[in-house]
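J.: Protein sequence lines, in the order shown, are assigned to chains A and B.
Mapping of the first sequence onto the numbering used here: position 269 corresponds to residue 269, and the numbering continues sequentially without gaps.
Mapping of the second sequence onto the numbering used here: position 9 corresponds to residue 9, and the numbering continues sequentially without gaps.
What the hints contain is simulated information worked out from the structure, not anything from laboratory work.
Fair warning: this is a prediction, and the values are worked out from it, not measured in the lab.
Some hints could be false.
Each pair may be met inside one copy or between any two copies, as identical chains are not told apart.
What the hints assert, rightly or not - Distance condition first, Cα-Cα at most 20 Å in a straight line; then the derived SDA-like pairs of lysine to any residue:
(1) K41 - S79
(2) K319 - A395
(3) K41 - R76
(4) K415 - S280
(5) K6 - L410
(6) K41 - L299
(7) K179 - S246
(8) K41 - D80
(9) K41 - P156
(10) K415 - A157
There are 2 protein chains.
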Amino acid sequence: MWNNAKDRMLRERATEVIPGGMYGHQSVALMPEDTPQFFIKAEGTRITDVDGNVYIDFMCAYGPNLLGYNHPDVMRAVSDQQSRIDASTGPSPLIVDLAEAMVSMISHADWAMFCKNGSDATMMALMIARAYRGKRKVLVARKAYHGSMPWSTPRPAGVVDEDRAHVIYFDYGDPQSLKDAVVSADGDLAGIFATPYRHDVFADQSMPDREYAQVARDLADEHDALLIVDDVRAGFRVTRDCTWESIGVRPDLSAWGKVLGNGQPISALMGNNRARDAASQIYATGSYWFAAVPMAAALETLRIIRETKYLEDMHRIGKAFRDGLNAQAKDIGIGVRCTGPETLPMLQFEDDPDFRVCYGFCRAAMKRGVYLSPYHNMFTNAAMTETDIAQTLEATGAAFEEIKSNRASLQPSTKVMAMTGS
Amino acid sequence: MWNNAKDRMLRERATEVIPGGMYGHQSVALMPEDTPQFFIKAEGTRITDVDGNVYIDFMCAYGPNLLGYNHPDVMRAVSDQQSRIDASTGPSPLIVDLAEAMVSMISHADWAMFCKNGSDATMMALMIARAYRGKRKVLVARKAYHGSMPWSTPRPAGVVDEDRAHVIYFDYGDPQSLKDAVVSADGDLAGIFATPYRHDVFADQSMPDREYAQVARDLADEHDALLIVDDVRAGFRVTRDCTWESIGVRPDLSAWGKVLGNGQPISALMGNNRARDAASQIYATGSYWFAAVPMAAALETLRIIRETKYLEDMHRIGKAFRDGLNAQAKDIGIGVRCTGPETLPMLQFEDDPDFRVCYGFCRAAMKRGVYLSPYHNMFTNAAMTETDIAQTLEATGAAFEEIKSNRASLQPSTKVMAMTGS
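Sequences and hints are given; from them, build the entire structure.
T.: Here's what the structure looks like:
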């Protein structure tokens, strides 16, 4: 029987020694009531919370879990490398091997720089775009997330106007809005940040549009600015290359993270020769950026990406999940919208402006052992099987029944209402 | 016989796929000619380069190596934790244990937030100082390093004026300069960044001054701003608390990193109750910030810090190293200045304005198996023994002899001259 007694006790202790009890994207403040905050085990497709409840995990560590938690081949590479060298006074030769491996796989790229956070990679992209021709303005899609540094964090606390003085916003996927933004840059255009596809929180996802992407490429060329694809979230879950390679448009820079080491801490900025000189001029670094263990994990993860049909498997399984949800919703007469790539599913409900139905549904699924998000895109991993999806659909089927019967009593979350303005 | 054939070959490969061949603080561009770039082994006090040359390492991964590379107790904690959970969809209970452990050890602190880079911790400090009362100006000591984000990176490429619009510089250790800077903040003072002691590159270090620290504390109080000690570099190498605790002045925030997990990737921002509400308002996060393995490593590192005489050992060994260098220099008639805490030694030469003698000395020591830095403070670790120092002094003795005989032929590095303006 599901319970959360230990989680509640730990949250009380946490409130004493962590501001707000928890912070960042893994705070459950925006998740349904009773969502567990603390976990003690992660293996394959499953996570176990501190009370011993086991979940099929459709958040995958918010991305990093691509091949299954504790993947044996990746962990063997980790443990072999740990016995040799990790963080030390210089990098190991693996940094060269890994840069070569990434360059060979990412079509637009001629070089690589490795870092820790996705935010490090997008920050380096910003700095390189500005170093490139000494221009300052960067175009960013409204509501797109490019990390939590002051120039891009979604909350205003601690941010000053100057942090965004040279950020110009446009509407994602709208070529005219992009053109207008370029005009307002007034000859001072350094770069264009293009999310590979729209994956904002609390919104349907939309797939990349070739015309929009090509306009972004053409505008960057015309104005001698750099085009940047932020693939931190979607990288290697859509294609075995930069996500925009699938629509035939190549950026100058692409930011990577999350899946790169299947959970080991590493991110990367990839770039072409046009951006190489600017990249060699900036100073960006971190205490653990050159550690060898995450690079060993990344080399093994890339090998698996190249040599196995992990991606085809993920698409098949993701489609089974989506088809199953759609069929259950139709059967029961509840309207849902499943958007985005099958490997990064987003679930929203019709007639649910304040998200109360989606929250109720995810809470009901959670208590039946399936961890979903009602506001953030989800993630699948390559360890998931048809059996996992069958088990998942058993839980979601019951969750649909539950919200059908108690829909009238569902209440919206005040935190979500504050966040979405609904 | 020392050689670097493989290192040179790897550097050529690296030049193809990494901008400038290497980047960040572990690039050897500013190190003496022939300093190896790539390492294949780190164990205890020793690092082995890609050509098989073994060095006693006085850089300690630029800080993280506090207890010796691959410390058995820390690595046991790492491997135990790896079998359970690392980066996942939520933190493990270890985040609460670790916050409690840090709060119990850092006298000024009531709470903790964990992150990856030292730069993450200083950036959060900046944001929290601004969120605290909605004020904007931060005071930073000229030439002090607080990470490589645009507001603080030591190189101008990719930085725009607005990144530092609200940064006011003062001279470290000079109370009047600090007072003048506060006046120029003109009622808009958010925070004062105070390095625990002066540890700029290419300069003698100076120890913290109680009067200066107290003035900084008083000014912060008077103007309802936050006082921040950046202990990323010096933390737990001077005392088992915030470095300024040793002079009796408590900041509101302190930034930590490097040694915290003895090499496992983790950093932290510690704060008091005055700063708690502001800390709970900012949004700062990263894909791997809540991973459990580095927290397990940090808990074990903190246990060793509390329960062993690692610090007394390090001071004794550091003093033996310093005394030995001073005696050798005196014997041979070369003037040197050894500055800073014994656990973070800085070595400079008299009559060496362009650093050619120091570079020649460090290069000669390197080729004899001792890895030193001629421009950055060095680090000792708790695994070093009297035997290591005896072996080190054998190499440095020969290095002093070598530079005495070839001093006239030593040439300054053009890169260093460009960097120092000498």
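J.: All the hints need checking, so say for each whether the structure fits it.
T.: Structure-based check of each hint:
1. K41 - S79: both (19 Å within a copy, 14 Å between copies)
2. K319 - A395: Classified as within: same-chain Cα gap 17 Å, cross-chain 65 Å, threshold 20 Å.
3. K41 - R76: Classified as both: same-chain Cα gap 19 Å, cross-chain 18 Å, threshold 20 Å.
4. K415 - S280: between (44 Å within a copy, 14 Å between copies)
5. K6 - L410: Answer is neither; intra-copy 26 Å and inter-copy 66 Å both fail.
6. K41 - L299: Between copies only: 18 Å across chains, 25 Å inside a chain, cut-off 20 Å.
7. K179 - S246: Result: close neither inside a copy nor across copies, 23 Å intra and 58 Å inter.
8. K41 - D80: between (22 Å within a copy, 12 Å between copies)
9. K41 - P156: neither (34 Å within a copy, 45 Å between copies)
10. K415 - A157: Intra 16 Å, inter 41 Å, cutoff 20 Å: intra-copy only.
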